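In order, the protein sequence lines correspond to chains A and B. First residue of the first sequence? That's 1 in the numbering used here, and the numbers climb one at a time after it. First residue of the second sequence? That's 1001 in the numbering used here, and the numbers climb one at a time after it.
Misleading hints may appear alongside valid ones.
Computed spacing ranges between beta-carbons, pair by pair [said to hold, decoys possible]:
1) B/1364 - A/122: 44 to 50 angstroms
2) B/1200 - A/151: 28 to 34 angstroms
3) A/251 - B/1200: 49 to 55 angstroms
Note that these hints are calculated values from the structure, not bench results. Being a predicted model, the structure only gives us computed values, none of them experimental. In this text, a Cβ means the ideal position worked out from N, Cα and C, and glycines have one as well.
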Amino acid sequence: MLSRTADHLFWMSRYIERAESLARLLDVTWQMSLVPQSLEAANQNWNAIIALNSLEEEFAARYSAVNAENVLRFMVGDTGNHASIVSCLRLTRENAHAVRGTITSEMWETMNSTWLEARERSFEQIANAGVGEFFDWVKMRSSLSRGTTLGTLLQDEAYHFIRLGTLLERADNTARILDVKYHVLRPHGDEGATDFYQWGALLRSVSAFEVYRKAYRDVITPERVAELLILRNDMPRSLHFCLNGVVKNLELIANRQSGETQRQAGLLHAQLHYARIEDILERGLHEYLTDFMDGIYMLGDGISKNFLVPMAEAA
Amino acid sequence: MNFYNEMIDDNGGIRAHYQGYDRWLRETPLERIARKRAEADLAFHRVGITFAVYGEEAGKERLIPFDIIPRIIPGTEWRVLEAGLRQRVTALNMFLHDVYHDQKILKAGIVPAGQVLNNAQFRPVMQGVDVPGGIYAHIAGVDIVRAGAGEFYVLEDNLRVPSGVSYMLEDRKMMMRLFPELFAKHKVAPVQHYPDMLLEKLRAVSPKGVNNPTVVVLTPGAYNSAYFEHTFLAQQMGVELVEGRDLFVKDDEVFMRTTQGPQRVDVIYRRIDDDFLDPLAFRADSALGVPGIMKAYQAGNVTLANAIGTGVADDKSIYPYVPDMIRFYLDEEPKLNNVPTWMCRKPDDLAYVLDHLAELVVKEVHGSGGYGMLVGPAASKAEIERFHQLLVARPDGYIAQPTLALSNCPTFVEQGIAPRHLDLRPFVLSSGECVNMVPGGLTRVALTEGSLVVNSSQGGGTKDTWILED
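Next comes chain B alone, as it looks inside the complex:
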């Protein structure tokens, strides 16, 4: 398979936007780079920028490997992506509002009603609930890959509790600390204002009549894999980081327990899944949530970001319909490509997928984090056979896509510098008034040779992402 290399063109030349970096790399002694890489490792450990891995020894924390070769995107390309992201997230929010109100798109037959209404992520409790600004996915992490000759594709939309933005910010901080001279030579668009932008968005969606809202970040607690990020964002925004037990509901209003008595809370940036948010409304065994918070939410006394029930729009069974949503709500052609997708619930699609398992990527409709997927070309016969049985037994639980020739980028690995595959997750913020994002996003890189899975839970690393201003 031929891969698009972010840095080197087909003739072995350095692409224009990488030439400055390439020159620096060639002029810089290898010992200095080795020293700086060690310094970065040490700093990340000391600062404790770690994540917990599920399924490993309890409480064990790992570093996410950080690579010092940046992923560079020219400003001209970014502007196309930015416009496409804005369009896409706008349509997704309109879709969410629609399915919880008039369901026009279902009535028009654009999206099959069954796909939405029978979806486990569809929350009937949200039916008819008006949320501030009509915004459901205030924070969206859209995974983008580059394939073929360099075209961008949206791989998935993460509209529930997308994570990773703290790595984007820490990677930039680290790069600037290690190699300030690179930033003097390149016009790299800054990203550090993300927390301000986020706070502004959260304040903008406060409940009606609240002028100076109290915003908090709600975390499942210190043992959550993304706890570092929760503390980081709360600290950067200067708001309280709360756990469910810090909050209580009285007369449909939410309060936090403080040293000076109860204080009302208006906007909650929650990093807890719907299921665990309110034991009275969802899973009764949840010890992480706040009993009664759903009623306070329905009464309009508190804003949750993201809203309840956004999962119905980022589900892999809905993904194939996003381009049609854009046409339906915005009357525009999609600016970003979707990856062609076979929906295994359709008999024809299923037949094709079963015949071509060795070439395709098969994903669970409700899966995430790189768990429970089949990468055909890399899979053993036994694995393919296992998925064959899974698909036949429960076809509506799966989709399949062609194995994309993900682009790669030179990366430091044990043997030296070698190409590794990567993706990009920009973080798109919406408030009803506007849709914004900081330039770039989180670049994740698969460190294992040939691997196409970039998730940190599967051994992926990160790179600083540079949008070069011209």
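In isolation and in its complexed conformation, chain A is listed as follows:
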């Protein structure tokens, strides 16, 4: 497969996954903000979203204050923000457009119409209908993209690059959501009355509320939430699950130069596979997740150099 084609496929799937993750993050923040809290605390939560994406400067250049409306406006439909949901959907479509001969027509039609529909909606329309409805729509469109991919695409190299993009992006995003929310919810380790709702919202944001109930059949505790999202290997949005898929798909596309990238992926996977949540929490969740996200970044970089934008080399 052409390196450029693989590059477009990889980023096509990363961007749709990123749009979905962003919808999830905004959704949980929105839901958490509905539980009574101080304005200061609420705005802190919204600020965390900007900080998480390193968008402080861009945000400050366009908006005067950090509050729910401005952050939603900026992160949902602001086409001037390259990281907004609508921008992610546009980039998904642009990457798909560049490889529309490689993906199936159903996949292209799904991603094209997602963008066409998103483009039609103003922020006011979205806000009037309820942002929650929009987030649900984004999640559904992302599911639809994955579904048509799974249901129509030949499972060859193209599929492996798409899966790699999805899983790498998802691992990164789950780590981010957990990182930012865990500390907001548990700054000093005390457990207040709002916790059940807050933790419940976090679990729902990664579609893990029912999963949690099924897996633990018990009250929600922060340790188990962390365990579920990091170590559980059959939970589709956990770090462990994502790395399982990354390692597997990397093996399937291996080439002569990808040995080091595969080793790194294997190492990252082993660290999840053999970890205990107690050790992770003892070391510090934030430090752990920061290291993990660095590892994901390195993997993305390695994949890019090995497969996607190789230097001109000897034939």
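Fit chain B to the supplied structure of chain A, relying on the hints for placement.
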């Protein structure tokens, strides 16, 4: 002016080959047709069968309007056209081989040497280069119109990178999806094997010694007006769609960058103009091309389809000589008519043209796409005056032809069904072993009332083209 109507004869009767369709049209409720037309629009949008229009807002894409009344041609008429096209394209390929080798036709004085050798489209770099099968125009789009009492004329030969074949295929797919019952009642010759035929031709012209050639389609990129077609053809043929940056040349061989390392490329169906193909050989500022590809081509290690330098044969200044080429190379009489043409570089012709501007169509010799032309009868006084000055200043840049009474065909427009003018572009494929085409081609229709310009960039639409087998 009297126009030949494809569907209705002079007495208001329905022509024999349209009677089945006419009956269906009269029996089908208008609401159903309206619904189907809306469905077609939606489907074309969703599938993204669009084209970009130059000069409009960057990246803006438009649909090419699709009309559901087919353009029907009886098999007997098509067979005449087919034979004429085969003859014409064969002669054009022989002409191209000749001008880049012995130049017999120039020495014989059939075509003035200056017209060829001083032509900007003549590529001296091709002199003496042997191409597989002696074929230069592997894909030719020949524009045909019907005028007067229904005679066919060749309007122009497109031998560089003719486009539109994807619309021919998508129009057929759409018609079959919308109105399957029509195909049950008519024996419409199929066209869907075009991509197979194209791939077969491309494989047949691979460099010497290559048994299982790697074929690719080379596109300028996603912002090109015909990008949809490039992706469509690559996908239908099952070959890679590459951009210049995906290819590189090493030791006069062409490779593409793949996820498994470099892979050699043997045949390139290129949809990039000569000028942009190789910054080392042609325009140095081209970012679309592949540095060194021309040397690989001259070394015979890669085949380009179409070949470099085909523009010298489809130039409007060469067009008037095509009938003589056919006589010269094939010793046959041309089966297809040329439109009578005044060459403004000849003083007598120029004088006539200047006197009759209001009746004539004036075209730029190197123009295409319906840009930069004058349609005398439809032009304002100011426009005619402007062309008068242009012609006097640079007569060799123009040709003129009588305004043809292009045939028309009933078409859905805002006011209902009304006649609109149309043309036909069959796609002729050559490989050295044989010349083939799928029956029919792309029918383009001018949607503006009275307009004779069918180009999609000028608001033209398309129709499905039916060759009826008897």
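Structure-based check of all given hints:
1. Checked against the hint of 44 to 50 angstroms, the pair residue 1364 of chain B and residue 122 of chain A passes, with Cβ atoms roughly 45 angstroms apart.
2. A beta carbon spacing of about 32 angstroms between residue 1200 of chain B and residue 151 of chain A agrees with the range 28 to 34 angstroms that was offered as a hint.
3. Distance hint check for residue 251 of chain A and residue 1200 of chain B: the Cβ-Cβ separation is about 37 angstroms, which falls outside the suggested range of 49 to 55 angstroms.
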